[in-house]
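Undergrad: Dock chains B and F against the given chain Z, drawing on the hints supplied.
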Amino acid sequence: MLEVRNIVAGYGTIPVLRDVSLKANAGEILLIGGENGAGKSTLLGTIAGFNKPDQGEILLDGKPIGGMAPEVVARSGLRLVLDGHRVFPELSVYDNLRLGAAAGGRQVFKRALEEIYDVFPVLKEKHRLYARDLSGGQQQMLALGQAFIAQPKVLLCDEPSMGLAQALLPPILSFLRRWAETGTAVIIVEQHLAVTSSYADQAMIIERGTVKFSCPASELEARLGAAASVG
Amino acid sequence: MTAASNTYPNAQQGETAKKARFNSDLTQVKIGLVLILLTGIGPVLAGNEYWIHTFQLVNIYIAASIFQNFLFIDAGQKSFGQGAILGLSAYGTAILFGLHGVPFVLAALGGIAAAALGGLLFALPALRVQGFHLGFVTMSAAIVFPQLLVTLDRWTNGINGISVRIPALMTPIAFGISPLALLVTIFPMLALIVHYLIRRSRLGRNMFVSSLSPEAARSLGIKPGLMRFAAFLIAAIGTGICGVLYLPVVAFVSPQGFNIELSFVFFFAVVVGGRGQMLGPIIGVAIIYVLPNVLLAQFVEYRLLMYGCLTMGAVMLFPDGIVGSIERLRSKKNHGGTGERAFRIDGFLAQLAGTGTAKEPTEEIAVEVRNGTKRFGAVVAVDGVNLKVRKGEIHGLIGANGSGKTSLLNVLTGLSRLNDGSFYINGVDTTDYPADKIANMQLGRTFQAPRIFSQMSLWDNLRLGLDARNGKGSDAIDALARAMETEFGHDRADLLSHGQRRLVEVMRTVLKESTIVLFDEPAAGLSKSERNNFADLVRFLSRQLGKTVILVEHDLDLVWGIADRITVLDQGRVVSSGNPEAVAKDAAVQHMFVGARHA
Amino acid sequence: MLSEILIIVIRGIAIGSIFATIAMSFNIVHGATNIFNFAQGNMFILGGFAAYFLANGAGIGMWAMMLIVAGLAIAALVSFQGYITLLPLRSSVEQDSWLISTVSVSVIVGAILMITQGPFAYSVQSIAPSFRIFGTRTPGAYGLAIFAMIFWYVALRLFLKHTYSGLAISALSQDFDAARAAGLPVRRLQLLAFAISGLMVGSVGFLVAPVISVSPDAGLKYVLNGFVAAVVGGIGSNIGTLIGGPLVGVVAMLTAYKVGGAYQDVASLLVLVSILVFRPQGIFGRVTARRV
Chain Z
1 MLEVRNIVAG YGTIPVLRDV SLKANAGEIL LIGGENGAGK STLLGTIAGF
51 NKPDQGEILL DGKPIGGMAP EVVARSGLRL VLDGHRVFPE LSVYDNLRLG
101 AAAGGRQVFK RALEEIYDVF PVLKEKHRLY ARDLSGGQQQ MLALGQAFIA
151 QPKVLLCDEP SMGLAQALLP PILSFLRRWA ETGTAVIIVE QHLAVTSSYA
201 DQAMIIERGT VKFSCPASEL EARLGAAASV G
Chain B
1 MTAASNTYPN AQQGETAKKA RFNSDLTQVK IGLVLILLTG IGPVLAGNEY
51 WIHTFQLVNI YIAASIFQNF LFIDAGQKSF GQGAILGLSA YGTAILFGLH
101 GVPFVLAALG GIAAAALGGL LFALPALRVQ GFHLGFVTMS AAIVFPQLLV
151 TLDRWTNGIN GISVRIPALM TPIAFGISPL ALLVTIFPML ALIVHYLIRR
201 SRLGRNMFVS SLSPEAARSL GIKPGLMRFA AFLIAAIGTG ICGVLYLPVV
251 AFVSPQGFNI ELSFVFFFAV VVGGRGQMLG PIIGVAIIYV LPNVLLAQFV
301 EYRLLMYGCL TMGAVMLFPD GIVGSIERLR SKKNHGGTGE RAFRIDGFLA
351 QLAGTGTAKE PTEEIAVEVR NGTKRFGAVV AVDGVNLKVR KGEIHGLIGA
401 NGSGKTSLLN VLTGLSRLND GSFYINGVDT TDYPADKIAN MQLGRTFQAP
451 RIFSQMSLWD NLRLGLDARN GKGSDAIDAL ARAMETEFGH DRADLLSHGQ
501 RRLVEVMRTV LKESTIVLFD EPAAGLSKSE RNNFADLVRF LSRQLGKTVI
551 LVEHDLDLVW GIADRITVLD QGRVVSSGNP EAVAKDAAVQ HMFVGARHA
Chain F
1 MLSEILIIVI RGIAIGSIFA TIAMSFNIVH GATNIFNFAQ GNMFILGGFA
51 AYFLANGAGI GMWAMMLIVA GLAIAALVSF QGYITLLPLR SSVEQDSWLI
101 STVSVSVIVG AILMITQGPF AYSVQSIAPS FRIFGTRTPG AYGLAIFAMI
151 FWYVALRLFL KHTYSGLAIS ALSQDFDAAR AAGLPVRRLQ LLAFAISGLM
201 VGSVGFLVAP VISVSPDAGL KYVLNGFVAA VVGGIGSNIG TLIGGPLVGV
251 VAMLTAYKVG GAYQDVASLL VLVSILVFRP QGIFGRVTAR RV
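Residue numbers (the working numbering), protein chains in the order written: chain Z, 1 to 231; chain B, 1 to 599; chain F, 1 to 292.
So here's chain Z without its partners, still in its complex pose:
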């Protein structure tokens, strides 16, 4: 579904990622972990078109998307949910969701909206409120809902837990799990690996801009323990 081959990228002349490759398959969740500053957000930003890779290829369904503008990437079916539950604060909850349907018709929108309201009833309840009046957790639900409306082939999710109480994470993760099972390729970047890994299929750890290792998510804890005792 999404394939990234040996990308090198950074800001201006500052390389942050060196030779990173990954594959995200339809129906699976890939969890990307690593400490702050390891380059996880830069990786997602580069895939989504926010910065241009200096080298390497990014393929969506076999078509290269590296170097395209973010809005073009989004329209070709890859949706990035930025970190820090960013929504449009001065728009209503409903309008935020509506803007998710940048591509796609009215029918698709209606169906997807119903689904989102089913999963997160609080969004339906507060659909007239300004997004700025939601709590952090609700804003994260809204941001995900907005992405869901777009029905992307690939979903990138940057630190869904950031700024949220731990208790809010499981419902969000199980939503992503069910979403992935409908045939979407999902990539989650997270620091809280312990909670997240049980929802994921594959895992990958990035350290200092390069891939430290990849493994099935079920083996992540063991691998991390091994890495810690060695290094």
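No lab work stands behind these hints, which were simulated from the structure alone. Where is the CB? At the ideal position from N, CA and C, for every residue including glycine. Hints may contain errors.
[Claimed, not checked] Among the chain F residues that face chain Z by a calculated CB cut under 7 angstroms, a handful are: (1) 31; (2) 171; (3) 182.
TA: Chains B and F alone, transformed into the frame defined by chain Z:
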């Protein structure tokens, strides 16, 4: 120590090939001086009255555009009103001299004073706003100015203007050259030289940094507001002298002479010639003013259209302007400042290592925070923090995203203020000190995104630290600075790797002779070997140079490897503090990190 | 005496409504692109010229049709200008080339008007009959100016809150990156914002032509007063312009009455500088809680 064992040859031995100059400023100044001399004296020798008059005016416009260039690029102040400044001085002089019979020299001083006052008025809003706001304010001033000249006819003679004759300036003294011809030739040359010298000076660098990154400037002890005032004042005085010279050249002032069009000529000349290029204003005036008004004089009513189209064309086709585009081609060939060797400091450190003896942290307190609280709206970023950092120690400050580390660092450097509590640097209560005052207490910092300025050479980037030094520096640092100047004087800074940029910023604080250094996530984006080098460097700063280091960092391996003490923040509060072993065992800390790897 | 002041205030509000509409046209472009179009004043004056050439003395039907034609033509012109301004510019020096390009477009439009029309003020007959306030005849176009301000405020509000494109333009101004990540067609929306701003100033210039000085050099006065109105109201706040515009207009009129007509722009400049020095965020601007 690796730093000491690993000596690299410094400039003198290593480099054989001569590096190309970082920029062509000096060459441009030389060409510029010749061109001004030609336009100033050439027509006189040719003996054509029309050309003499025209090019005298051209030279005045060149001088005014040079000051516009300085103000616009070196100081970053977008003024669309320099024509009004010129007019203030021309009118001031004309009123005093022509209407009140004040001696010309005194009248000229009065005129220049009026221009300076105008410049200070422009600077006032510039203290609060920048960019397009300032553009609108200065443009309004330029629009209002001629209206005022008409309305205040009691003093200005209104629409009729003022005629002036100054025969003493017009009488040739030798070879048919009048004092006036000499003045309007020499002054633009002087203006060019002054611009060059300011740019090469500490003042010029401080202005430049203030405009590019006010927070970096403040952390170097510079007051950006003061720099803006100084820039407006210098530009106004220079432009004011242009106004004084305008008077005998044109022999007449009227409100129409100083409408917005004049301001646009100066501004457009800078853009078309090449923003920031020494030669830019000269070429710019040649294209913007000479081309439509002299060479295509039969189409003179189309001149505004030509100004606009030429400028639009330049923005679209040559965004760097004519001279800027040529300079770009030239500097493409200049590759000084790339690759692994572009910025190494091992050799320099070895040089410094000999000067000191090994030092250990003392019990004296360098930095202390008492019950510090910082709020942003409803968010409490720093919540009742108590912190003590001993002199000479490496103090690690860690915590998750949003735990308040950077907020605390910004408080300590004066970039933001505590809402409650207080903090002390070397025992002095600095809670309410502004950033520049704190910086001048020998405190230095680096930023998450290194403040490296590609417009300056690598050495000038380093030199900002030297500029910011308080009092006379030590001989060791002076020697280090000289060595670096020879090595990096003509290197570019924009091709450095991320790790090298970090090192440049660190070296800046060393050259500043900061005794307390704060690093904001210095290891982010560094490769493994760069991290090791950085760790060595921090150890060197603390143990060899006796500096106090506060390190905000996410890389826990790095922190545990070098810190003497560690403080852990969580949601703005200190959850643990002490030596690395104790903190690692603290249960409150363990759950915070991936895989509990430091247990 | 009192009624005289009242009349002046009403005229000030009317003139200020023009400033307010120009300020709103700034806001929509600024929100979508971060660009302040310095050429907006001359685009406004083009509307006045359109009224002179297309509809001077025409009947109401013809006039209304020409109003639409002029508005659309100027909208097209401004969006073309926007297209040029937004062309990705490669510059090693600075990123604010829009400042220079919009100023030069302003100079170009002014120069073309000056060359083709000469430095004269053209008078345009009013389509709206004059009306009486406190016994004084007031030109109908003043009423049109106030009407236009309210019309555009309401229209913009409806557009920005209730249409998909409008919501998307609002989204651009609230979080540019999030808007791009959501796949909103950024460039097309930005051009739309330019077009709307052109439609606004073009139509208002056409409407108020009888009471303004339709001359090649008048544009600058309006761009500046429009800017002052936007700053007073708080940049980005359309409701702020409803106060800011009339306030600037009234100050200008009172200055003209008490001090002299030549001091109107001086008064606006003083208002601008004092707002920037004492309250740079304007009356309705939000104080952002961000750190410096």
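Undergrad: All the hints need checking, so say for each whether the structure fits it.
TA: Here is what the structure says about each hint:
no.: 1; hint: 31; verdict: violated, 11 angstroms
no.: 2; hint: 171; verdict: holds, 5 angstroms
no.: 3; hint: 182; verdict: holds, 6 angstroms
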